[in-house]
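A.B. asks: Residues per chain, in single letters:
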Amino acid sequence: MPAALPGRLHQHGAKRVSAPTYDLGKLHGGLRLPGEKRQSTSTDIQQLPIPDQLILPLTQHVGDQADPIVGVGDTVLKGQMIAQTKDTLSAPVHAPSSGKVIAIEPWPVSRRFGDKAPCIVIECDGEDKAYEGGTAPRPYESMSPEELLIEILLGGIVGLGGAVFPTAQKLMQAISAPLEYLILNGVECEPYISCDDMLMREHADEVLRGALILMHALQVATCYVVVESDKPEALRNIAEALGEIDDERLILKQVPTIFPSGGEDQLVQLVTNREVPSGGLPTDVGCVVQNVGTAVAIHHWINKGEPLISRVTTVTGAGVASPMNVMARIGTTVEDVVAFAGGYTDRAEQLVIGGPMTGKSVTTDAVPLVKATNCVLVLSEQVPLDDEKPCIRCGECAEVCPIQLLPQQLFWYACADNEKQLRSHGLTDCIECGCCDLVCPSHIPLTADFRRAKARMLELADEKARAERARQRFESRNERMELEHQMRDQELSEQKQAARKKGQQAIQDILDRTRNNDDDDEG
Amino acid sequence: MEFKRRDAPYTVPTANVANVMQHVLLALIPAALAYVWYFGAGFVFNLIIAAIFCLAGEAWMLHLRKKPVEPSLYDFSALVTAVLLAFALPALTPWWVTATAALFAIVVAKHLYGGLGFNIFNPAMAGYVVVLVAFPLHMNLWTAPRMGDLDYHYMTIYETARYTLTGTFPDYLSFDAISRATPLDTVKAGLANLQTFQELQINPMMGDFGGRGWEWIGNMTAFGGGWLLLRKIIRWQIPLAVFAGLLVPASILYVLQPGIHPSPGFYLFSGGTILCAFFIATDPVSAATSPKGRLVYGFGIGFLIYAIRRWGSYADGVAFAVLLMNMAVPAIDYLTRPHIVGHARSSSNDD
Numbered sequence: 004m005p006a007a008l009p010g011r012l013h014q015h016g017a018k019r020v021s022a023p024t025y026d027l028g029k030l031h032g033g034l035r036l037p038g039e040k041r042q043s044t045s046t047d048i049q050q051l052p053i054p055d056q057l058i059l060p061l062t063q064h065v066g067d068q069a070d071p072i073v074g075v076g077d078t079v080l081k082g083q084m085i086a087q088t089k090d091t092l093s094a095p096v097h098a099p100s101s102g103k104v105i106a107i108e109p110w111p112v113s114r115r116f117g118d119k120a121p122c123i124v125i126e127c128d129g130e131d132k133a134y135e136g137g138t139a140p141r142p143y144e145s146m147s148p149e150e151l152l153i154e155i156l157l158g159g160i161v162g163l164g165g166a167v168f169p170t171a172q173k174l175m176q177a178i179s180a181p182l183e184y185l186i187l188n189g190v191e192c193e194p195y196i197s198c199d200d201m202l203m204r205e206h207a208d209e210v211l212r213g214a215l216i217l218m219h220a221l222q223v224a225t226c227y228v229v230v231e232s233d234k235p236e237a238l239r240n241i242a243e244a245l246g247e248i249d250d251e252r253l254i255l256k257q258v259p260t261i262f263p264s265g266g267e268d269q270l271v272q273l274v275t276n277r278e279v280p281s282g283g284l285p286t287d288v289g290c291v292v293q294n295v296g297t298a299v300a301i302h303h304w305i306n307k308g309e310p311l312i313s314r315v316t317t318v319t320g321a322g323v324a325s326p327m328n329v330m331a332r333i334g335t336t337v338e339d340v341v342a343f344a345g346g347y348t349d350r351a352e353q354l355v356i357g358g359p360m361t362g363k364s365v366t367t368d369a370v371p372l373v374k375a376t377n378c379v380l381v382l383s384e385q386v387p388l389d390d391e392k393p394c395i396r397c398g399e400c401a402e403v404c405p406i407q408l409l410p411q412q413l414f415w416y417a418c419a420d421n422e423k424q425l426r427s428h429g430l431t432d433c434i435e436c437g438c439c440d441l442v443c444p445s446h447i448p449l450t451a452d453f454r455r456a457k458a459r460m461l462e463l464a465d466e467k468a469r470a471e472r473a474r475q476r477f478e479s480r481n482e483r484m485e486l487e488h489q490m491r492d493q494e495l496s497e498q499k500q501a502a503r504k505k506g507q508q509a510i511q512d513i514l515d516r517t518r519n520n521d522d523d524d525e526g
Numbered sequence: 477m478e479f480k481r482r483d484a485p486y487t488v489p490t491a492n493v494a495n496v497m498q499h500v501l502l503a504l505i506p507a508a509l510a511y512v513w514y515f516g517a518g519f520v521f522n523l524i525i526a527a528i529f530c531l532a533g534e535a536w537m538l539h540l541r542k543k544p545v546e547p548s549l550y551d552f553s554a555l556v557t558a559v560l561l562a563f564a565l566p567a568l569t570p571w572w573v574t575a576t577a578a579l580f581a582i583v584v585a586k587h588l589y590g591g592l593g594f595n596i597f598n599p600a601m602a603g604y605v606v607v608l609v610a611f612p613l614h615m616n617l618w619t620a621p622r623m624g625d626l627d628y629h630y631m632t633i634y635e636t637a638r639y640t641l642t643g644t645f646p647d648y649l650s651f652d653a654i655s656r657a658t659p660l661d662t663v664k665a666g667l668a669n670l671q672t673f674q675e676l677q678i679n680p681m682m683g684d685f686g687g688r689g690w691e692w693i694g695n696m697t698a699f700g701g702g703w704l705l706l707r708k709i710i711r712w713q714i715p716l717a718v719f720a721g722l723l724v725p726a727s728i729l730y731v732l733q734p735g736i737h738p739s740p741g742f743y744l745f746s747g748g749t750i751l752c753a754f755f756i757a758t759d760p761v762s763a764a765t766s767p768k769g770r771l772v773y774g775f776g777i778g779f780l781i782y783a784i785r786r787w788g789s790y791a792d793g794v795a796f797a798v799l800l801m802n803m804a805v806p807a808i809d810y811l812t813r814p815h816i817v818g819h820a821r822s823s824s825n826d827d
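Each protein sequence line maps, in turn, to chains A and B.
Mapping of the first sequence onto my numbering: position 202 corresponds to residue 205, and the numbering continues sequentially without gaps.
Mapping of the second sequence onto my numbering: position 232 corresponds to residue 708, and the numbering continues sequentially without gaps.
One chain only, chain A, in its complex shape (with noise of 0.2 Å):
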């Protein structure tokens, strides 16, 4: 590996500017999409109105649950903890605004298809009173790094990129391993999302505010601020800004624009030329990687108290009047937002909650906007369905794969349901990026079908543990009952035994006793 280039500091005018660095990794395939993110950038961030009711899902993260601490009828106070986590993987959640909690029911969310999830519901008051208790900033450096994780824990902090994995729990586990980089993600490779790029712009001194303190908890010694070619003012904005903070440690480095390089493994493939091992974390190889989205939430609640609560979101395609991006209070509804950006265009035909190549498609714009929603995207295509062709093995899809998979094998026996071959050609590994898909001259919609091979073998994994440990279930029943069945077998015979010896002796004292009587009969 070559040592990490310092950020080259030089005069530009009156102000300090770091140049970005270029040193790269290899990352294979990928694609040169479209942007398509003119659209939405062409205005400053919206501040979008407190809708009159608020939805918050009790899951915005990977993990359990968050436990309700509010029951209905209590009145909440904007930043007010309302859901809390127990001990195990989870995050908790604040109240965006000021209200009354109406219900706590199931709700349309924008997972898979929209399927329902518990919910709280506020009806805000519009006062949006703040909470008093705990919003007083924390003087983090004198701060212990696990004293910090856990103020991270409290500020209901989680990935913003998208994964939505609870920020502190992902900063424990890495302060485990030995860290050398923090990489903070402000690629956003996805077509149509702009809401980084804004934030980038407009925010520049709040991300690396953001980095700072996560470099504290981290303890690491150098943080990439990894920044895609195509958002040149973002470019400059930050690089300005670290010519403010003018630390050493924290470095700018400008990423070619190819989907899918703002993956978190690809990321780290690009930046560090480092290979994230198959089934582990860019810890394995000394690597954490935040979002900058994450980073400028963690400066909100360490130094202002302001808990995640609200964030940038991107209101686009061609099924939005007037595409914009928003700040929004988490839990104003999809419907809300969508109004906010002058409602839709007559074309609107498919609503992605997230990008173009791995959002989810919702059947309804009741869902509300959760801590995931980096972009809520109308789109006018009609596909045809039916124009599914037979596989021509021209091998296109194995150009662009990131992770270097064969998807024209992996397809075969994905059709072929061979278990062994899916998993020797390495389908557990695929990142469901969506680059086969769109090269595929015979229109094979691949990465559906490798979603639903692999839940499919997660089944037969399922179905295999089920079968195993009802083998052993029946196993040690025989076991049990074969030893049962010796300890019987052994106590009878020693009964017996014990009845035969008894027996004789019964036998002999009565013959003795016969004699004894004789004797004294005698006598």
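In short, the hints are calculated from the structure, not lab data.
Among the hints, erroneous ones may be present.
DSS-like cross-link-like pairs, simulated, lysine-lysine; straight-line CA separation at most 27 Å [as the list claims (entries may be wrong)]:
1) B:Lys542 with A:Lys392
2) A:Lys40 with A:Lys89
3) A:Lys392 with B:Lys480
4) A:Lys119 with B:Lys708
5) B:Lys768 with A:Lys119
6) A:Lys119 with A:Lys363
7) A:Lys119 with A:Lys89
8) A:Lys457 with A:Lys392
9) B:Lys480 with A:Lys363
10) B:Lys768 with A:Lys40
11) A:Lys467 with A:Lys457
12) A:Lys392 with B:Lys708
13) A:Lys423 with B:Lys768
14) A:Lys40 with A:Lys363
15) B:Lys480 with A:Lys29
Using the hints, position chain B against chain A.
C.D. replies: Quick look at chain B alone, frame taken from chain A:
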């Protein structure tokens, strides 16, 4: 508002099979023009007959297999088979020979194996080999290429059409009067007669490298193939490997014993080498599919072409080489899986 559900990704793919095949057809135009220029209108008649029987066979089989006929007919894959066949056949070929090849290619080699995407063997080459074995006399009827300075008799368009449809020559011509050995035949027979390659090259038929006419058809084919490479319809691995597989043994032996071994340039520009490298071996369905596998597959074809030409009983070995390597594809693909990101380097090809 309510919406329909879909699976990610939601972006519409741009490439399609028909487009791939159209590119292949367009890329063959320069070579086809060169072919017609040097060997006459027979190529056009062969092409028309092959196309009719390929498309009819495709429609018939799709109908029998109860598959929608139209979308598969318009993917142009049957037409590509027809064009490749027309390139493989001599310019003068009776229609029943062409029809047999076309029907075998489509009905047996393609549809009886499951249709587009499932055929193990390259349909055009399978069809060609069947007629090569079944009609050896007709398949040896190559005329002399147009030479300018040295003229043989050329048949008119009418005479060519008549031969194609009836298999008979005009009264004043005979098979022997019109047929000429191809450069590959000439070299093979000459070397067997203990002539040196340099002696054989004096024959004006031999051209600069690979024979009059042939080398220019080769140039035009390479031109089209280069365009396909630029458009990324085909990838570089197979063409490069075919050339390497042929040229490496050819160069080594030529350097060691230049008298008894033909030059690598001769083998490159004669027969179907260039057509094979860019258009036949690259048929994705029957070729190896992993990047490393394509190198192995192409090298195998190139080497087999050399081996058959040099030591086999056929003058050209393209079709046999391709079919032999088609059979090896599953094993090649299995043994050349690429390193999966995040896996240990050494264990990627285990089990």
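A.B. asks: Now tell me if each hint is right for this structure.
C.D. replies: Now for the hints, and whether the structure bears them out:
1. B:Lys542 with A:Lys392: 15 Å, holds
2. A:Lys40 with A:Lys89: 40 Å, violated
3. A:Lys392 with B:Lys480: Within the cut-off at roughly 23 Å; holds.
4. A:Lys119 with B:Lys708: 46 Å, violated
5. B:Lys768 with A:Lys119: 47 Å, violated
6. A:Lys119 with A:Lys363: Distance ~14 Å between A:Lys119 and A:Lys363 Cα, so the pair holds.
7. A:Lys119 with A:Lys89: Judged against 27 Å, a Cα distance of about 22 Å means the pair holds.
8. A:Lys457 with A:Lys392: 22 Å, holds
9. B:Lys480 with A:Lys363: OK: B:Lys480 and A:Lys363 at ~12 Å, within 27 Å.
10. B:Lys768 with A:Lys40: Distance of about 37 Å is beyond 27 Å: violated.
11. A:Lys467 with A:Lys457: Between A:Lys467 and A:Lys457 the Cα gap is close to 15 Å, so the pair holds against 27 Å.
12. A:Lys392 with B:Lys708: Roughly 20 Å between the alpha carbons, so the hint for A:Lys392 and B:Lys708 holds.
13. A:Lys423 with B:Lys768: Cα-Cα ~22 Å, so holds.
14. A:Lys40 with A:Lys363: Since the Cα atoms of A:Lys40 and A:Lys363 sit roughly 19 Å apart, the hinted pair holds (cutoff 27 Å).
15. B:Lys480 with A:Lys29: Given that 27 Å is the threshold and the Cα spacing comes to 39 Å, the pair is violated.
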